[in-house]
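Novice: Chain residues, written in single-letter form:
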Amino acid sequence: MKKLEIVKSGVITSNPVFRLMLGTCPTLAVTTAAINGIAMGAAVIFVLVCSNVLVSLLRNIIPDKVRIPAFVVIIATFVTIVQMVMRKFVPDLYDALGIFLPLIVVNCVILARAEAFASLNPVADSALDGLSMGVGFMISLTIIGMVRELLGAGSFFGIPISGVEDITMTVFILPAGGFITYGMLLALVNFVTAKLAKKADAKKLKEEAQ
Amino acid sequence: MKDILKTVLVLSIIALIAGGLLGLINHFTQIDQEAALAGKIEKTGIYTGSDPLVKLALGGDGVSQGYINGELKNVFQGGEQYIIHCSGEGGYGGNIELLVNIENNLIKKIAIYAAEETPGLGTKAYTDSYLSQFYNKDLIEIQKFALTKNINPQTKEIKAVTGASKSSGAVVNAVNVAITWYLNHTGQNVDVIELISETEIYDGATALESLNYNIDEFNEDISYGELKGVFSGENCNIIYASGNGGYNGSIEILVNISDSQITKIVVFNSSETPNRTPSALVETYYSQFYSVDLGTINKFVSVNHSTLDSQIEAVTGASKSSTAMVNAVNVAVSWYLENAEEVEQ
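Order-wise, the sequence lines are chains U and F. Per my numbering, the first sequence runs over residues 1 to 210. Per my numbering, the second sequence runs over residues 1 to 345.
Misleading hints may appear alongside valid ones.
Unchecked claim - Pairs of lysine-lysine, BS3-like flavour, derived with a Cα cap of 27 Å:
1) F/K55 <-> U/K65
2) F/K40 <-> U/K88
3) F/K137 <-> F/K124
4) U/K88 <-> F/K55
5) U/K65 <-> F/K2
None of these hints come from the bench; they were simulated from the model.
Kindly produce the complete structure, drawing on both the sequences and the hints.
Specialist: Below you can see the structure in the form of structure tokens.
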């Protein structure tokens with residue numbers, strides 16, 4: 001696969017949150033504030049890149065029968081490293097992410113990419129895939145977090161917005177609101193994608209006719 | 001065979017390398033608990049004195065009243081100021097840890113040490129507008145704060161943050177732990193008997209006397225609550241007990257047992273949601289315990305529909321509070337049945 005295609009796939013066309021619908025649990029739980037989205041995204045990028053690289057390096061050594069346990073050990077190790085480093089250097093963010101940091105181990109995005117891409121492709125491509133998927137994950141989480149924080153708590157990245165603060169709807173920072181926001185944004189993404197696909201089809205037909 | 005050996009070997013090597021790597025990183029990212037605590041104290045600016053802070057050794061303070069719904073973690077002293085590191089149970093995201101600055105019987109400042117409440121909602125309990133309700137009130141008069149939802153709270157009451165009563169309650173629990181320690185340490189805690197006498201539990205002529213009884217041994221056998229004190233009065237026994245399992249922690253009650261029957265119950269301390277209906281902390285609920293011959297039952301049971309004397313109908317919508325109340329009463333009943341022959345009737 002060409003490098004650009006890999007990047008585009010991770011961030012847009014196969015976005016893990018809005019198209020692959022993976023890792024929904026941490027997505028909904030962590031996005032009560034926009035900054036949490038960025039922190040979680042950063043942790044996931046690190047784990048994704050490292051695990052993809054390592055799995056790709058070992059793809060010819062790990063026997064097929066035990067590939068899942070091997071992937072999980074590798075992923076768990078990197079997540080634990082991220083946990084230890086975050087706890088030491090950014091304890092506030094570490095507290096904000098709480099239980100969802102260790103839960104990255106079972107985040108479907110990471111295991112899915114290890115299984116579907118890294119175990120079948122060379123190291124450079126796998127690293128790039130990990131990076132682009134992670135960035136896509138981070139952007140998606142941050143967008144959901146911004147919407148929920150603005151509508152639910154009247155603030156933007158922790159800064160209270162004077163007008164909005166009075167008309168907040170608390171439901172948005174509760175689990176139900178997470179689902180609502182996710183659903184709405186998903187509908188928006190599907191609408192835009194469908195429109196773009198229609199345009200691309202029309203353009204293709206036009207070109208073929210000529 | 002060769003297959004199995006290869007898989008085992010590969011997995012073992014991966015696990016070994018992973019373990020080694022983790023050990024190495026752990027070594028470099030160790031958190032020194034003492035340093036973390038000292039750093040947080042400095043960062044929050046909770047201590048405003050000039051003398052160096054000295055960590056006090058805890059335990060053996062002769063605490064007459066235990067800590068309810070919270071824990072004492074550390075205490076530092078600098079001059080007249082005490083910085084108390086304590087935690088309170090019942091927060092929405094778990095326990096809330098605070099640093100409380102008490103000087104000359106007044107709380108001067110509170111800082112959040114560790115908490116995981118919902119951002120934008122429970123975190124409103126970290127704000128100055130909520131915490132300032134605790135400041136500069138005479139702790140000897142207050143003894144303990146209570147949570148309320150009334151718009152005009154009394155001095156002893158703290159108005160909860162709207163929509164964040166669990167978070168607010170956990171902060172109150174933690175502050176009460178700090179106050180309890182401070183009053184005990186400075187010898188200013190009001191004797192439990194005096195506090196009990198101020199309630200309606202006992203109306204006899206003679207003064208209440210504490211019974212010489214091994215409470216710790218009794219508590220070793222029960223897990224659903226705790227016996228806190230046993231007192232004898234005119235023709236009755238007053239039992240001070242707590243029951244686990246409430247919505248926001250344990251509930252402490254006073255039980256008046258006379259002639260083998262419970263004649264009165266008073267809720268002594270609780271962190272349950274205040275001003276709430278329905279509630280299990282009202283006499284319409286706990287009068288169910290009254291006038292039952294304790295010799296005929298083993299213990300009370302919380303049920304939805306009662307057909308026997310020993311069955312107490314739980315309050316719909318307050319099942320956790322009901323459970324805690326039943327647990328607390330059972331502690332008292334359990335003590336009574338064990339010691340019925342020895343008590344003065």
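Novice: If a hint holds in the structure, say so; if it does not, say that too.
Specialist: Do the hints match the structure? See the list:
1. F/K55 <-> U/K65: violated (56 Å)
2. F/K40 <-> U/K88: At roughly 13 Å apart (the allowed maximum being 27 Å), U/K88 and F/K40 satisfy the hint.
3. F/K137 <-> F/K124: Since the Cα atoms of F/K137 and F/K124 sit roughly 22 Å apart, the hinted pair holds (cutoff 27 Å).
4. U/K88 <-> F/K55: This hinted pair holds, its Cα atoms lying about 23 Å apart.
5. U/K65 <-> F/K2: This hinted pair holds, its Cα atoms lying about 13 Å apart.
The structure fails hint 1 only (numbered hints given earlier).
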